[in-house]
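Protein chains in written order, with my numbering: chain A, 1 to 343; chain B, 1001 to 1343; chain C, 2001 to 2343.
Rather than coming from a laboratory, the hints here were simulated on the basis of the structure.
Because the structure is a prediction, the values reported are computed rather than measured.
Where a beta carbon is used, it is the ideal one built from N, C-alpha and C, also for glycine.
There may be inaccurate statements among the hints.
[As the list claims (entries may be wrong)] Computed cross-link-like contacts, DSS-like style, restricted to lysine-lysine with a CA-CA straight-line distance of at most 27 angstroms:
1. B/K1029 to C/K2319
2. C/K2168 to B/K1078
3. A/K78 to B/K1319
4. C/K2094 to A/K319
5. A/K29 to B/K1319
6. B/K1319 to A/K94
[Stated by the list, open to error] If you want a taste of the chain B side facing chain C, the calculated C-beta under 7 angstroms gives, among others:
7. G1051
8. A1052
9. P1053
10. G1070
11. A1072
12. P1083
13. Y1189
[Unchecked claim] Pair ranges (Cβ atoms, derived):
14. B/N1321 to A/G103: 42 to 52 angstroms
15. B/A1174 to A/E282: 55 to 65 angstroms
16. B/K1204 to A/L299: 53 to 63 angstroms
17. B/K1204 to A/D36: 35 to 45 angstroms
18. C/E2191 to B/D1076: 36 to 46 angstroms
19. A/N141 to B/E1183: 44 to 54 angstroms
20. A/K78 to B/E1183: 30 to 40 angstroms
21. B/A1174 to A/D334: 53 to 63 angstroms
22. A/D182 to B/R1335: 53 to 63 angstroms
23. A/Y58 to B/P1013: 34 to 44 angstroms
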Amino acid sequence: MFIKNAWYVACTPDEIANGPLGRTICGEKIAFYRDDEGKVAAVEDFCPHRGAPLSLGYVENGKLVCGYHGLAMNRDGKTASMPGQRVRAFPCVKPFAVIERYGFVWVWPGKAAEAREDLLPQCEWAESPDWAYGGGLYHINCDYRLMIDNLMDLTHETYVHSTSIGQKEIDEAAPETTVSGDEVITARYMENIQAPPFWQAAMKFNDLDPTAAVDRWQICRFSPPSHVMIDVGVALAGNGGFEAAPQFKASSRVIDFITPETETSHWYFWGMARNFKPSDVELTNTIREGQGKIFGEDLEMLERQQQNLSLWPERELLKLNIDAGGVQSRKIIDRLLAEEGNA
Amino acid sequence: MFIKNAWYVACTPDEIANGPLGRTICGEKIAFYRDDEGKVAAVEDFCPHRGAPLSLGYVENGKLVCGYHGLAMNRDGKTASMPGQRVRAFPCVKPFAVIERYGFVWVWPGKAAEAREDLLPQCEWAESPDWAYGGGLYHINCDYRLMIDNLMDLTHETYVHSTSIGQKEIDEAAPETTVSGDEVITARYMENIQAPPFWQAAMKFNDLDPTAAVDRWQICRFSPPSHVMIDVGVALAGNGGFEAAPQFKASSRVIDFITPETETSHWYFWGMARNFKPSDVELTNTIREGQGKIFGEDLEMLERQQQNLSLWPERELLKLNIDAGGVQSRKIIDRLLAEEGNA
Amino acid sequence: MFIKNAWYVACTPDEIANGPLGRTICGEKIAFYRDDEGKVAAVEDFCPHRGAPLSLGYVENGKLVCGYHGLAMNRDGKTASMPGQRVRAFPCVKPFAVIERYGFVWVWPGKAAEAREDLLPQCEWAESPDWAYGGGLYHINCDYRLMIDNLMDLTHETYVHSTSIGQKEIDEAAPETTVSGDEVITARYMENIQAPPFWQAAMKFNDLDPTAAVDRWQICRFSPPSHVMIDVGVALAGNGGFEAAPQFKASSRVIDFITPETETSHWYFWGMARNFKPSDVELTNTIREGQGKIFGEDLEMLERQQQNLSLWPERELLKLNIDAGGVQSRKIIDRLLAEEGNA
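Chain A with its partners taken away, still in its complex shape (with noise of 0.2 angstroms):
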């Protein structure tokens, strides 16, 4: 069960630049392409002719065609046309609805005609020119949801990523989880430390003494369906942390998009957003490298984890105080799918 009422992310742009591209989000099996007009579009992957995927054709004259018989199909999932045919009476496929916008291609699992622009999340970091965004894909086979608990309890940091982002002292400084509508917070604040290697590296990009003592902070955001904004950063110590002003920091907004493909496999778009030197394209692809290799660290664990939980359904895990933004988030999720009708 997912929420189908909402915007995931699809792809990036990059990936439908040579043609169109199959891929099933919420279990829906899509393919995404660009029409003529430049325009995003997205069709269930079947051609009504004889079930051939559409995204194994290519796009001409703002059509869909497909790469069996040559039938081409519309963004209304309604056949344009076939040669030698009347395709008046084809069946329709279900089309989707699709945005471009902030770098990608989101879709609305559900009934293209509900879809409403305005859920579409704000994104500033996106738009505007004093930030930068570098990021990536990472294909996890896990249930989106143990995703969602991993990045809303960022105390593996200290298992998981021990040599880099990690450090003992997130342990000992208990998160708090707040919920105020449909959003879950996490925060955690650390006082007075040393930062961990990644942050040093971060603070003499900025020009400060990475040895110096900091407060750090790792603000999660999630809101739905399954979107998660992190908050990190170091500040010289006593300089009001989070609130500093920027010549005592180094900080940036973790992204991360996570979209659902089946009940135990997932689509994860991870990147990072800084509001410092946005025009510095080397450290865009520095920070893009090193956030990947330490995101890189989690598959493994949450790929095993799910192994682990799809052979004991039965178990009851535990709801720990540093559990609450995952526990919370998913209780919002549930309500959500309520709402839906999917209990």
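Add chains B and C to chain A, keeping to what the hints say.
Just chains B and C now, with coordinates in the frame of chain A:
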């Protein structure tokens, strides 16, 4: 469900040259081998002693010897001998009727006692010195009937094989399908057109001007259980097309023996027979290589079509005029299945 | 169904030298590790916090620490601690009794409290300085009982190992099977024969003329749950065979510890113990390499036998005189299963 009382191509002689071959055909797991008289033989691939596959054994004194404990199997499925044992009461395994002809080993998956040699197809191209043949084998993960559909509607050449044998004029020439007894014929004729690359090359081989206008034909003939023979070629325009005298044309016969493995996989024995320059072995190899490449282009489409049909088993596919060849062929298959009691 | 109240080989010490090992044994998913006192320990491979596999963690202060969020697990399956948490009410995971002996880690898949150290097999070859041992591990996708059958009927050597230890005379010497309590013994004696290649090489090592006539023996001993020890060797003909004085013979003991993983897969710990030249390490390695190659020849046969048995579960296999060793061993297994309430 498969037609069991019919001959299918099981393998080529080279596949049993160095020992037995295990292959599943129409859901039957079979060990094929050549006995001491040089005659091909086939029995269920199951040793009655401990269930080991007989195809892992070897042939000795004309018996198929199990490679685990030395049980020697007769071609009739009765155990011939076993070291230190009386074998008279050993249970039998199923024997299969096999015939070697036309450069293939044929198997009758039904009861061996009911096999009728007279039902073997007539293949003059395989026996006459005026013809040469070259071919190959693909294993494809789709229902064998999707391959019949594919071959009985060559419209797909325009899309799947656009750089070799496809051309837009195929779409524009409506095919005609006729049924005669158990044979289905779908024919398409294109007049006064340019030959596509594959046929231009063939025209050069036959000392014809490859840029000259031609009449082109495709005459597909289905016969049960799953053979498709296709006359293809081009003749200089206005000389009678398919009926033109040899000096005006380049032509050949595509040979397709389609052997079901499971409900969603099959063995595809493809090849090309020609009645010009039959002793030119290098030409045979060149054609085989070109055909293998072209026919390989269908594999991904067919396998992904199968995945879609398995995902949406309830969806009805369209049956357009171009699909008539496949539709009629399936009707004959369904009738023969019903006659065998597998409606 | 597996005998749970028995000792199985779980792993060798090198497999837990660099951290925990996750391994499924008799259907139980288990994390093995060495604690701070150097004692081996084993608990269910499931962290009670969020279900992560504990085997992905590490050992610290003698505890197995979960690599996800730092829960520290005691060897009794109770949580020892977790940063920032009271753990008293945490649910327990299953602990397993383990013993390290004879160069192996042994596990009792049944209730740890009921484990009886006195049931561990006696292995003088592993403790006496007069003996040397070398061995290896194979993972095989077949029911572990097919491996017991294999080892309790060495007739297969003639076929599966024809170039090393097989010879036609094995077929001709009927084996004798006796049952004594829970032990099954299948013995075969061949007199006044030529030694096969493997034993000719062994004769050379022992300064015997490899072309001399020999008496050969194979004495296979099954004991529950799934251990098979085999005395094998040759002696110069007429000197008493198995009972001959050391200067007349080349002999050794094949060690087979067979550990079920699932119903259709197992871990096969194979090796060879010898009581000549016990300190010749190079000889140990040469024998291990040769044995590993020979025993690897069984894998394809066993896995494809399993595939056949899974395909035709209703078929009864034959139980010939040569199969008596396996048949009797299975009877003992069945009786012990029944005694455990798993008839």
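Hint check:
no.	hint	verdict
1	B/K1029 to C/K2319	holds, 23 angstroms
2	C/K2168 to B/K1078	holds, 23 angstroms
3	A/K78 to B/K1319	holds, 17 angstroms
4	C/K2094 to A/K319	holds, 20 angstroms
5	A/K29 to B/K1319	holds, 23 angstroms
6	B/K1319 to A/K94	holds, 20 angstroms
7	G1051	holds, 5 angstroms
8	A1052	holds, 5 angstroms
9	P1053	holds, 5 angstroms
10	G1070	holds, 5 angstroms
11	A1072	violated, 11 angstroms
12	P1083	holds, 3 angstroms
13	Y1189	violated, 49 angstroms
14	B/N1321 to A/G103: 42 to 52 angstroms	holds, 46 angstroms
15	B/A1174 to A/E282: 55 to 65 angstroms	holds, 60 angstroms
16	B/K1204 to A/L299: 53 to 63 angstroms	holds, 55 angstroms
17	B/K1204 to A/D36: 35 to 45 angstroms	holds, 39 angstroms
18	C/E2191 to B/D1076: 36 to 46 angstroms	holds, 38 angstroms
19	A/N141 to B/E1183: 44 to 54 angstroms	holds, 49 angstroms
20	A/K78 to B/E1183: 30 to 40 angstroms	holds, 38 angstroms
21	B/A1174 to A/D334: 53 to 63 angstroms	holds, 56 angstroms
22	A/D182 to B/R1335: 53 to 63 angstroms	holds, 60 angstroms
23	A/Y58 to B/P1013: 34 to 44 angstroms	holds, 42 angstroms
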